[in-house]
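Participant: Now for the letters of each chain:
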Amino acid sequence: MATRTEEDFTEATRWRRRPRPTFAWVAQVVSGVLLLVLLTAHMVAQHFVVDGGLRTYADVVAWIRNPVVFAVEALLLVCVTWHGIAGVHAVLLDLGLRGRAERIVARVLLDLAVATILYGLWLLYMLAFRG
Amino acid sequence: MMRAGLRRGDGRRLVPRWLDPHGRHLGTWAFVANRLTGLGLVVYLYLHLVILSTLLRGPEAWDGLVELFRRPVFLAFDVLLIVGLAFHGFNGLRVALVGSGLLVDRRKGLLVAAGILVGLVTLVAAVRIVG
Amino acid sequence: MDAPHVIVVGGGGTGGALAHDLVLRGLRVTLVERGELTSGTTGRHHGLLHSGARYAVNDPESAVECIAENRILRRIAPGSFEENGGLFVALTDEDMDYRHSFLAGCAACGIPTQELNAAEALAVEPGLTPALKAAVWVPDATMDAMRLPLRFFATAQRNGAQLRPFTEVTGLLTAGRAVTGVTLRDNLTGAEAELAADLVVNATGPWCERLAAMAGATVPVQPSPGVLLALVGRLCNLVVNRLHRAGDGDIVVPQRRLSIVGTSAWTVEDPDDLDVPDEHVQAMYREGAKLVPAVASAAERAAWSAARPLIGAIGGAGGGGGRELSRTFKCFDHAVTDGVEGFVTITGGKATTLRAMAEATADLVCAKLGVDAPCRTHEVVLAPHTAYFTGRAA
Amino acid sequence: MSSPRTVLLKVFRYGPDDAAPRYDQFRVPAGPRTTVLDALLAIRRRQDPSLTVRHSCLHGSCGTCGMRVNGREVLACVTRLDGLGDPVVVEPLAGAAVAGDLVVDMEHVYRRLEPVGRPLVRASERAGKNDTKADPGPLLEDLERFEDCIECGLCLSACPVAGDPRFLGPAALAAAERVLEEPRGTDGRAVLGLVDDAHGAWRCHLAFECSAVCPAGVDPGGAIMRLRRRVLADRLPRLVGRYHQEVPS
Chain A
1 MATRTEEDFT EATRWRRRPR PTFAWVAQVV SGVLLLVLLT AHMVAQHFVV DGGLRTYADV
61 VAWIRNPVVF AVEALLLVCV TWHGIAGVHA VLLDLGLRGR AERIVARVLL DLAVATILYG
121 LWLLYMLAFR G
Chain B
132 MMRAGLRRGD GRRLVPRWLD PHGRHLGTWA FVANRLTGLG LVVYLYLHLV ILSTLLRGPE
192 AWDGLVELFR RPVFLAFDVL LIVGLAFHGF NGLRVALVGS GLLVDRRKGL LVAAGILVGL
252 VTLVAAVRIV G
Chain C
263 MDAPHVIVVG GGGTGGALAH DLVLRGLRVT LVERGELTSG TTGRHHGLLH SGARYAVNDP
323 ESAVECIAEN RILRRIAPGS FEENGGLFVA LTDEDMDYRH SFLAGCAACG IPTQELNAAE
383 ALAVEPGLTP ALKAAVWVPD ATMDAMRLPL RFFATAQRNG AQLRPFTEVT GLLTAGRAVT
443 GVTLRDNLTG AEAELAADLV VNATGPWCER LAAMAGATVP VQPSPGVLLA LVGRLCNLVV
503 NRLHRAGDGD IVVPQRRLSI VGTSAWTVED PDDLDVPDEH VQAMYREGAK LVPAVASAAE
563 RAAWSAARPL IGAIGGAGGG GGRELSRTFK CFDHAVTDGV EGFVTITGGK ATTLRAMAEA
623 TADLVCAKLG VDAPCRTHEV VLAPHTAYFT GRAA
Chain D
657 MSSPRTVLLK VFRYGPDDAA PRYDQFRVPA GPRTTVLDAL LAIRRRQDPS LTVRHSCLHG
717 SCGTCGMRVN GREVLACVTR LDGLGDPVVV EPLAGAAVAG DLVVDMEHVY RRLEPVGRPL
777 VRASERAGKN DTKADPGPLL EDLERFEDCI ECGLCLSACP VAGDPRFLGP AALAAAERVL
837 EEPRGTDGRA VLGLVDDAHG AWRCHLAFEC SAVCPAGVDP GGAIMRLRRR VLADRLPRLV
897 GRYHQEVPS
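The listed protein sequences correspond, in order, to chains A, B, C and D.
In terms of our numbering, the first sequence opens at residue 1 and continues consecutively.
In terms of our numbering, the second sequence opens at residue 132 and continues consecutively.
In terms of our numbering, the third sequence opens at residue 263 and continues consecutively.
In terms of our numbering, the fourth sequence opens at residue 657 and continues consecutively.
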């Protein structure tokens with residue numbers, strides 16, 4: 001193995017224990033491409049076809065009850081949250097986040113992403129079944 | 132070719148590392164724009180969730196809010212959101228392709244294509260929103 | 263008893279090889295260079311690892327030195343050369359006549375050659391002019407003018423030599439008629455300092471007269487600049503020489519995606535402020551295009567001049583264009599020539615013979631300092647040039 | 657010969673004993689062929705000998721005189737003053753330890769390049785014609801030449817990410833791609849392990865500033881993209897559970 005001499009590289013190789021770095025890029029690309037599709041669907045379905053662009057309360061609830069729409073919105077929520085939070089992490093890396101602070105922030109971001117997804121799904125559920 | 136024990140200093144002026152605007156090329160501006168739009172969209176994600184939460188407070192609150200958002204200032208904001216979304220999307224697609232080693236020699240063309248698509252989408256959306 | 267301390271003045275190829283040689287022989291070495299290492303004549307040459315063929319007829323002494331060093335350098339610095347070889351190309355009948363004495367000269371100096379007819383030459387080097395009459399293949403090679411000497415510096419540094427670039431010698435410390443050290447100025451901070459030594463070696467190339475004068479000594483060296491022209495595009499893969507008695511613009515050397523056309527010759531007194539005469543640049547284009555037609559239309563990357571330290575009696579026989587002076591190197595023990603102890607000058611020679619120049623100088627230095635240690639630089643494989651930077655940090 | 661036009665140079669100064677960097681101004685003669693390096697050496701000889709500059713080959717082939725001129729990473733020896741306007745701002749490379757004025761310590765370039773272990777010499781493309789593999793003809797088995805990269809550090813200074821010492825950087829990543837394209841005896845698997853890293857090939861954000869400033873025609877940005885494709889092709893099968901796949905050496 002080409003050994004590294006500088007301390008900075010050894011810190012970099014600690015990434016080894018995390019999911020292989022290729023996964024991070026693949027996840028970003030897959031979520032990104034999915035978003036292109038899902039967001040287009042969302043924008044057209046939620047705003048474009050509606051005159052005035054915004055639905056009233058009753059229309060929203062009726063629309064969310066449709067299982068296909070529910071699924072699309074849920075998947076959109078997951079993809080946008082993962083893609084967005086991963087992006088924020090990349091930006092923080094470039095601002096010099098390193099060492100222990102970086103691992104803590106990565107942990108916090110992961111929790112934030114999970115919380116966002118759960119809240120979104122709960123909101124969808126409440127609208128669809130308790131609206 | 133230097134002696135050990137150098138004075139650690141950075142030849143930069145007082146500008147954060149990746150923001151020095153002097154002598155930069157198109158690619159760097161696409162990168163900066165991609166990053167700014169990305170951060171903007173993450174902020175909007177949480178703003179959007181907050182707004183959608185008013186749906187839980189029943190029809191009056193939500194329909195009142197919808198009326199508010201029909202005001203021109205919010206419509207203008209929507210157009211801005213579309214521009215950011217379109218740019219991040221199409222530029223992101225370019226980055227996904229080229230960044231995975233595909234169409235690497237046509238990256239300049241892809242950037243131009245992304246720019247055109249962003250223009251088109253913004254035009255269509257603006258007409259739809261303002262119209 | 264502590265090992266003797268030698269100061270080597272001059273961070274060119276010769277200085278680097280000398281520091282490497284002396285440290286291997288157990289001496290303590292400090293090398294000082296007023297600018298960046300190889301920023302003098304060494305870094306500016308076209309990068310030819312000479313086979314000696316060019317000098318086989320009129321300077322056999324240089325030729326034999328070159329072919330011997332050509333083989334040694336390939337052994338001690340593996341991976342640092344483009345080993346495609348060189349072609350001596352005959353364009354005119356006069357060239358064809360010269361071919362016979364050229365081949366005889368090469369054979370006499372032990373330089374392997376291979377005769378090619380026009381078709382064979384064009385097959386291996388399509389960049390050549392189709393109008394060539396014949397060609398002779400010789401074991402030329404190309405090196406990186408900075409990175410090869412840097413391997414000597416890297417190895418010397420790893421073995422304990424103190425290398426101090428950006429440190430300029432402002433004067434010599436003397437005790438009576440003996441040199442006992444140097445006064446230095448750190449060009450980064452401006453700080454002045456003194457450094458004692460058992461012996462000071464003057465390896466400053468075309469500037470050696472100026473340093474020798476500080477000790478009241480003289481060196482018969484004639485700085486002889488030559489213009490070199492770098493063109494955009496790798497116009498040939500092999501080194502292309504004109505098969506004739508030495509003249510202007512008679513070599514084209516490939517360097518990555520550039521091609522270097524050289525060289526010309528005139529003489530100056532001050533090797534610092536060299537200008538680049540435009541007529542010499544035009545001569546490079548004209549003569550180079552005869553060998554490799556693409557030269558005529560290639561874009562210019564840069565044109566510069568480098569001062570060669572030619573040895574010759576000052577105002578002596580070779581007062582002409584500086585090309586007649588011998589290209590071999592010479593070591594001057596100023597105790598003998600000027601009655602100045604502790605001061606030696608090494609100058610003349612070529613980029614290819616940096617190791618041999620160092621060996622001769624180290625032998626003299628060790629003899630003067632009573633150090634009995636044989637030279638091993640022809641066997642020791644050199645560290646990679648990258649070690650110069652990272653070796654220091656480890 | 658030329659009108660004795662002069663140009664004002666604003667030069668970055670920062671010696672080891674200086675408390676803080678400053679800019680000195682020098683007026684220099686500027687002929688049609690005068691390069692930034694010519695001007696700096698003229699200042700050193702005639703106006704301020706303490707100005708320290710690095711150079712060696714004077715024709716853009718060694719990589720020692722890299723610096724920023726008007727904010728743009730260039731080799732000073734092949735950058736002409738003509739057309740750079742007035743004043744011309746000259747600064748050292750960014751993201752590196754400044755040894756003195758315009759001279760930076762190049763250790764940060766070589767620290768990244770060395771683990772890759774790229775050989776200095778590669779197979780040569782056809783001279784001149786289309787760049788197919790050189791046909792050595794009767795004489796030589798293989799025509800060779802030096803790798804294009806002259807280790808000048810311009811790409812590391814231009815890259816928006818390479819200020820971070822963890823990032824392997826464009827030069828080393830491009831060298832890694834060259835090793836994998838033409839191993840010549842180096843261990844491909846080791847290099848793949850080195851670059852498949854959050855601070856290796858995956859840290860690049862495709863600004864392609866490195867390819868814009870590279871004076872040696874390496875196109876490091878393009879090389880990084882090809883490298884990422886190679887890593888994907890090697891890693892993806894294992895991401896989905898396929899067994900270890902040998903790297904074609």
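Calculated from the structure, these hints are not laboratory results.
Some hints here could point you the wrong way.
What the hints assert, rightly or not - Covered by chain B, per the in silico footprint, the following chain A stretches (three or more residues, Cβ under 8 Å): (1) 25 to 39; (2) 67 to 76; (3) 101 to 115.
What the hints assert, rightly or not - To be clear about the criterion: a stretch of chain D counts as covered by chain B if any three or more of its residues have a C-beta under 8 Å from a C-beta of chain B, and this derived list gives those stretches: (4) 686 to 694; (5) 719 to 733; (6) 856 to 865.
Stated by the list, open to error - For the chain C half of the interface with chain D, some residues (derived, Cβ under 10 Å), not all of them: (7) 297; (8) 300; (9) 333; (10) 337; (11) 341; (12) 445; (13) 453; (14) 454; (15) 458; (16) 459; (17) 490; (18) 500; (19) 520; (20) 529; (21) 597.
Every residue gets a Cβ at the ideal spot worked out from N, C-alpha and C, and that includes glycine.
Participant: So, for every hint listed, does it hold in this structure?
Facilitator: So, going through the hints one by one against the coordinates:
{"no.": "1", "hint": "25 to 39", "in the structure": "holds (count 8)"}
{"no.": "2", "hint": "67 to 76", "in the structure": "violated (count 0)"}
{"no.": "3", "hint": "101 to 115", "in the structure": "violated (count 0)"}
{"no.": "4", "hint": "686 to 694", "in the structure": "violated (count 0)"}
{"no.": "5", "hint": "719 to 733", "in the structure": "holds (count 6)"}
{"no.": "6", "hint": "856 to 865", "in the structure": "holds (count 6)"}
{"no.": "7", "hint": "297", "in the structure": "holds, 8 Å"}
{"no.": "8", "hint": "300", "in the structure": "holds, 5 Å"}
{"no.": "9", "hint": "333", "in the structure": "violated, 18 Å"}
{"no.": "10", "hint": "337", "in the structure": "violated, 16 Å"}
{"no.": "11", "hint": "341", "in the structure": "holds, 5 Å"}
{"no.": "12", "hint": "445", "in the structure": "violated, 16 Å"}
{"no.": "13", "hint": "453", "in the structure": "holds, 8 Å"}
{"no.": "14", "hint": "454", "in the structure": "violated, 13 Å"}
{"no.": "15", "hint": "458", "in the structure": "violated, 24 Å"}
{"no.": "16", "hint": "459", "in the structure": "violated, 25 Å"}
{"no.": "17", "hint": "490", "in the structure": "holds, 7 Å"}
{"no.": "18", "hint": "500", "in the structure": "holds, 8 Å"}
{"no.": "19", "hint": "520", "in the structure": "holds, 6 Å"}
{"no.": "20", "hint": "529", "in the structure": "violated, 20 Å"}
{"no.": "21", "hint": "597", "in the structure": "violated, 33 Å"}
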